[in-house]
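Protein chains: 2
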Amino acid sequence: MDEQNIRLMIPGPVEIHPKVYQAMNRLLYGHRTNEFREILKESIEMLKEICRTQNDMFIFSGSGTSAMDSAIANLVSKGDEVLNIMGGKFAERWIEITQTYGGKSIPVNVEWGKAVNLDEMIAVLENNPNIKFITFTHNETSTGVLQPGEEIAKIAQEYDKLLIVDAITSVGGDYCETDKWGFDVLVTGSQKCLGIPPGLGMIAVNQRAWEVIENRSDIPSYYLNLKKHRNSFKKYDTPYTPALPLFYAAHKAFQMILEEGYENRVKRHRLCAQAMREGMKTIGFDLFADQQYASNTVTAVKYLDGLDDAEFRKTMLKHKVLIAGGQGKVKGKIFRAAHMNLCTDREVLLMLEMTELVLKELGFDIELGAGVSAAEKVFL
Amino acid sequence: MDEQNIRLMIPGPVEIHPKVYQAMNRLLYGHRTNEFREILKESIEMLKEICRTQNDMFIFSGSGTSAMDSAIANLVSKGDEVLNIMGGKFAERWIEITQTYGGKSIPVNVEWGKAVNLDEMIAVLENNPNIKFITFTHNETSTGVLQPGEEIAKIAQEYDKLLIVDAITSVGGDYCETDKWGFDVLVTGSQKCLGIPPGLGMIAVNQRAWEVIENRSDIPSYYLNLKKHRNSFKKYDTPYTPALPLFYAAHKAFQMILEEGYENRVKRHRLCAQAMREGMKTIGFDLFADQQYASNTVTAVKYLDGLDDAEFRKTMLKHKVLIAGGQGKVKGKIFRAAHMNLCTDREVLLMLEMTELVLKELGFDIELGAGVSAAEKVFL
Numbered sequence: 418m419d420e421q422n423i424r425l426m427i428p429g430p431v432e433i434h435p436k437v438y439q440a441m442n443r444l445l446y447g448h449r450t451n452e453f454r455e456i457l458k459e460s461i462e463m464l465k466e467i468c469r470t471q472n473d474m475f476i477f478s479g480s481g482t483s484a485m486d487s488a489i490a491n492l493v494s495k496g497d498e499v500l501n502i503m504g505g506k507f508a509e510r511w512i513e514i515t516q517t518y519g520g521k522s523i524p525v526n527v528e529w530g531k532a533v534n535l536d537e538m539i540a541v542l543e544n545n546p547n548i549k550f551i552t553f554t555h556n557e558t559s560t561g562v563l564q565p566g567e568e569i570a571k572i573a574q575e576y577d578k579l580l581i582v583d584a585i586t587s588v589g590g591d592y593c594e595t596d597k598w599g600f601d602v603l604v605t606g607s608q609k610c611l612g613i614p615p616g617l618g619m620i621a622v623n624q625r626a627w628e629v630i631e632n633r634s635d636i637p638s639y640y641l642n643l644k645k646h647r648n649s650f651k652k653y654d655t656p657y658t659p660a661l662p663l664f665y666a667a668h669k670a671f672q673m674i675l676e677e678g679y680e681n682r683v684k685r686h687r688l689c690a691q692a693m694r695e696g697m698k699t700i701g702f703d704l705f706a707d708q709q710y711a712s713n714t715v716t717a718v719k720y721l722d723g724l725d726d727a728e729f730r731k732t733m734l735k736h737k738v739l740i741a742g743g744q745g746k747v748k749g750k751i752f753r754a755a756h757m758n759l760c761t762d763r764e765v766l767l768m769l770e771m772t773e774l775v776l777k778e779l780g781f782d783i784e785l786g787a788g789v790s791a792a793e794k795v796f797l
Numbered sequence: 418m419d420e421q422n423i424r425l426m427i428p429g430p431v432e433i434h435p436k437v438y439q440a441m442n443r444l445l446y447g448h449r450t451n452e453f454r455e456i457l458k459e460s461i462e463m464l465k466e467i468c469r470t471q472n473d474m475f476i477f478s479g480s481g482t483s484a485m486d487s488a489i490a491n492l493v494s495k496g497d498e499v500l501n502i503m504g505g506k507f508a509e510r511w512i513e514i515t516q517t518y519g520g521k522s523i524p525v526n527v528e529w530g531k532a533v534n535l536d537e538m539i540a541v542l543e544n545n546p547n548i549k550f551i552t553f554t555h556n557e558t559s560t561g562v563l564q565p566g567e568e569i570a571k572i573a574q575e576y577d578k579l580l581i582v583d584a585i586t587s588v589g590g591d592y593c594e595t596d597k598w599g600f601d602v603l604v605t606g607s608q609k610c611l612g613i614p615p616g617l618g619m620i621a622v623n624q625r626a627w628e629v630i631e632n633r634s635d636i637p638s639y640y641l642n643l644k645k646h647r648n649s650f651k652k653y654d655t656p657y658t659p660a661l662p663l664f665y666a667a668h669k670a671f672q673m674i675l676e677e678g679y680e681n682r683v684k685r686h687r688l689c690a691q692a693m694r695e696g697m698k699t700i701g702f703d704l705f706a707d708q709q710y711a712s713n714t715v716t717a718v719k720y721l722d723g724l725d726d727a728e729f730r731k732t733m734l735k736h737k738v739l740i741a742g743g744q745g746k747v748k749g750k751i752f753r754a755a756h757m758n759l760c761t762d763r764e765v766l767l768m769l770e771m772t773e774l775v776l777k778e779l780g781f782d783i784e785l786g787a788g789v790s791a792a793e794k795v796f797l
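Sequences listed follow chains G and C, in order. Here this note's numbering is used: the first sequence runs in plain steps of one and ends on residue 797. Here this note's numbering is used: the second sequence runs in plain steps of one and ends on residue 797.
Treat the hints as calculated values from the structure; they're not laboratory data. Warning: the hint list may mix true and false statements.
Treat identical chains as interchangeable: a pair holds within one or across any two.
What the hints assert, rightly or not - Within a straight-line C-alpha distance of at most 20 Å, the following computed SDA-like cross-link-like pairs (lysine to any residue) qualify:
(1) LYS549 with SER634
(2) LYS495 with ILE636
(3) LYS644 with ILE512
(4) LYS652 with GLY749
(5) LYS698 with LEU766
(6) LYS521 with ASP635
(7) LYS698 with GLU677
(8) LYS521 with ASP473
(9) LYS731 with ARG454
(10) LYS436 with GLN421
(11) LYS794 with GLN708
(12) LYS521 with ILE636
(13) LYS571 with ASN472
(14) LYS495 with GLY519
(15) LYS684 with THR761
(16) LYS597 with GLU462
(17) LYS465 with ARG647
(18) LYS571 with LEU675
(19) LYS506 with ASP654
(20) LYS495 with ASP635
(21) LYS458 with ASP654
(22) LYS549 with ARG625
(23) LYS652 with GLY745
(24) LYS578 with GLU778
(25) LYS597 with TYR679
(26) LYS506 with SER649
(27) LYS597 with GLU466
(28) LYS652 with GLN744
(29) LYS750 with GLU728
(30) LYS652 with ILE572
Whenever a hint applies, use it, and build me the whole structure from the sequences.
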C-alpha cells in the first residue's frame with residue numbers, strides 16, 4: 418500500500434495545505450528570540466479571532482487531549498462535583514480526566530447519536546446543587562453529533578456553573594461563539610478543522626475560570642499549568658520549548674483561515690456536510706446521528722445489512738480513500754467520513770463516488786450515480 | 418535579519434539533517450493504522466538502543482519537560498522525600514516539579530559550574546533516611562557541566578533510592594548507559610543531540626519504577642500517565658493522537674544515529690567539545706565549568722572583562738551565528754556554544770573563527786587565528 422497517496426477522509430489528522438507544509442519547513446530558529454515571540458504573539462491573536470474570544474489563549478505542545486487534561490487539572494479540586502454530558506467516546510474522556518484529579522463525576526447520560534436532553538440536564542443540576550463545573554464535547558466525532566452549545570451554555574449560566582467545552586472538532590469548521598455563548602473554558606486541537614498537523618492543543622480561559630484557578634492552593638500540573646503559561650506569555654514566551662515546526666504551521670494555517678473568513682468557512686463546511694448526508698441517504702444508508710443535531714465536520718453512517726466494516730474500509734483503502742470505522746460501542750456498526758479543513762465539493766463527491774463503486778464491487782444492488790447526483794444538487 | 422540563514426550554535430533546537438526534514442514531510446496518514454504502528458514500534462526499539470536500555474520506553478507529544486513532569490507525577494506521592502541534586506537551571510526544575518506534586522524536596526546544593534560533591538550527597542542521604550527518590554540533570558545545559566552519572570547511580574543503588582535522570586542533553590551525544598549504570602527512570606527530549614525538531618519527550622522506566630507506580634492508588638496525570646502509555650503501546654499505539662510529523666522525523670533520526678554508531682557518535686561529540694574548549698582558552702577566555710566535568714555537548718564560556726553579553730551576541734548574530742547567553746544567576750556573565758547532533762570540525766572552527774573576528778571588531782586585542790589553530794590541532 419502506498420500510504421503517501423491516500424485521500425484522508427478520517428476525522429483527523431486531516432490533509433494539510435501545501436502552504437502550511439511549506440511554513441512548517443522554514444528552518445528552525447531559537448525560540449527565545451524576538452522572531453519567535455512575534456510568531457507566537459500573532460498566532461495567539463489570530464487563534465482568538467478564530468475561536469471568537471477575547472479571553473486568554475495558550476497553545477500547548479501536545480495533542481488536543483493535553484488541553485483537556487490542562488482544563489481539569491487546573492480547575493477541578495478533589496471532591497468538586499462535575500456534570501459530564503455524555504454521548505460518545507470523547508465525552509467519556511471528560512469523566513476519565515475528572516476522576517483522575519479526584520473530581521466527582523455526575524454524568525448526564527445521552528444515547529450515542531443523540532444530543533443531550535436539556536430537561537434532563539436541568540434536572541441533574543436541580544438535584545445536585547453542589548455541582549461546580551459542566552463539561553461537554555461540542556462536536557462528538559465518535560457519533561457525528563453536534564451538541565447544542567449555545568443552549569447548554571445558557572443553562573450553565575442560569576445555574577452559575579463553570580462550563581468547560583471540548584471544541585476540538587468544531588473550531589475552524591462550525592459555529593463556535595466562545596464569548597457570545599459563554600464558554601468559560603474552550604479546548605481545541607490542531608489536526609482537525611484548523612488544518613495543522615497533530616501535536617498542538619489550545620485552550621481559552623476566561624476571568625471566571627481564572628478566579629477558580631487563582632483560589633487554588635496547589636495545582637497538580639507542571640507542564641500544563643495554566644499559570645506558568647500565562648506568566649510566560651506576558652513576554653510572548655512559552656514556558657517550555659515549543660514544537661517549533663507545528664507553531665510555524667499554525668501561524669500560516671491561522672492566516673489562511675482568517676483570509677477565508679469565519680462565515681465563509683462555516684458555510685463551506687455546512688454545505689459539504691449537507692451534501693454528504695444527502696448523498697449517503699440517497700445511496701441507501703441510514704445516518705447514525707439525529708439529523709437535527711448532525712455534525713457539520715464529520716458524518717457517521719450506519720452500515721447496510723450485510724456490509725462488513727473491515728471489508729468495506731479495506732476496499733475503500735484499495736481505492737486509496739481512508740475512512741474511519743466506529744469506536745467503542747459502535748465499532749463495526751458505523752463508518753465515519755470527515756469533511757474538515759480543505760474539504761470542498763471535490764472531496765465529498767469523491768467519497769460518494771467511491772462508496773458507490775465499492776458497494777457495487779461488494780455485490781450490493783445500488784443505483785450508480787444516485788448518491789453523487791443528490792450531493793451535486795446540494796452544491797448547485 | 419534573515420533568520421532562515423543563521424547557523425544555530427545554541428543548545429537546542431539544533432540544526433536538522435535534510436533527510437530528517439524530508440522524513441518529517443511525508444504526507445500525514447492515520448495514526449490508528451498498521452503503517453503508523455510499525456513506525457512507532459521501530460522507533461521505540463531504536464530509541465532503546467540509543468538510550469542503552471531494555472526498559473520500557475515511551476515518546477510523548479510534548480517537550481522534554483513533559484517527560485520530566487511525567488516522571489515525578491507518576492512516581493512521587495505527597496510527602497515523599499526527594500533528594501534533588503542542584504547546580505543549574507534545569508536541576509532546579511526538578512525541585513519545582515517535585516513540589517508541584519507535594520513531594521518534599523531535599524536539595525544537595527552544587528555551585529553552578531561544578532559537579533556534585535559525592536560526599537555531600539552521601540551525607541544528605543545518611544541524614545535523611547526517608548528519602549525515596551534522587552533526581553539529577555546529567556548534562557546541565559545552563560552551566561556546561563556533565564554530572565558524574567555513573568557514580569551518582571552507584572550511590573543511589575547503595576542507598577536503595579530510585580534514581581530519576583534528566584538526560585535531555587546527553588543522550589545521543591555522550592555516554593549515557595541507562596541500564597549498566599542503573600538509571601531507574603531516564604528522561605530525554607528530541608531537539609538536542611537526537612537531532613529532531615522540538616516537540617517530543619521520551620522516558621525510560623524500569624521494573625523498580627513500575628513497582629512504585631503500580632502501588633499508587635491514584636496518579637495525578639492523564640495526558641502523561643505512564644500506565645495509559647504502557648497500555649496503548651501493547652498494541653503499538655499512543656493513547657492520544659501523536660504529533661505525526663515529529664514521529665516521522667524521529668524514526669529517520671534514530672536510524673541515522675544507529676548508522677553512525679554509539680561509540681563513534683560519542684567520540685565525535687567529545688572531540689568537538691575538546692576542540693571548542695582548547696580554542697576558547699587559546700583565544701583568552703576562561704571556561705565556566707570545572708574542566709574535569711565539562712559537558713561534551715555544550716561549552717559555557719566566561720565573558721572577558723569589558724565584553725558585553727548583548728553586544729557580543731548581537732555582533733555574532735550580525736555574522737549569522739546564533740549562540741546562547743547565560744540563564745538565571747549567570748545571565749550576562751557567560752555565553753554558551755553547543756556542539757550537538759550534526760556538529761563536526763566545520764562548526765567548531767566556524768564558531769571560533771567568528772568569535773575571533775567579532776572580538777577584533779569590538780576592539781579586543783587578540784591574536785587572530787590562534788584559537789582556530791589550537792582547535793585544528795585537536796582535530797588533527
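Violations among the numbered hints, reported as their numbers in ascending order:
7, 8, 18, 24 and 30
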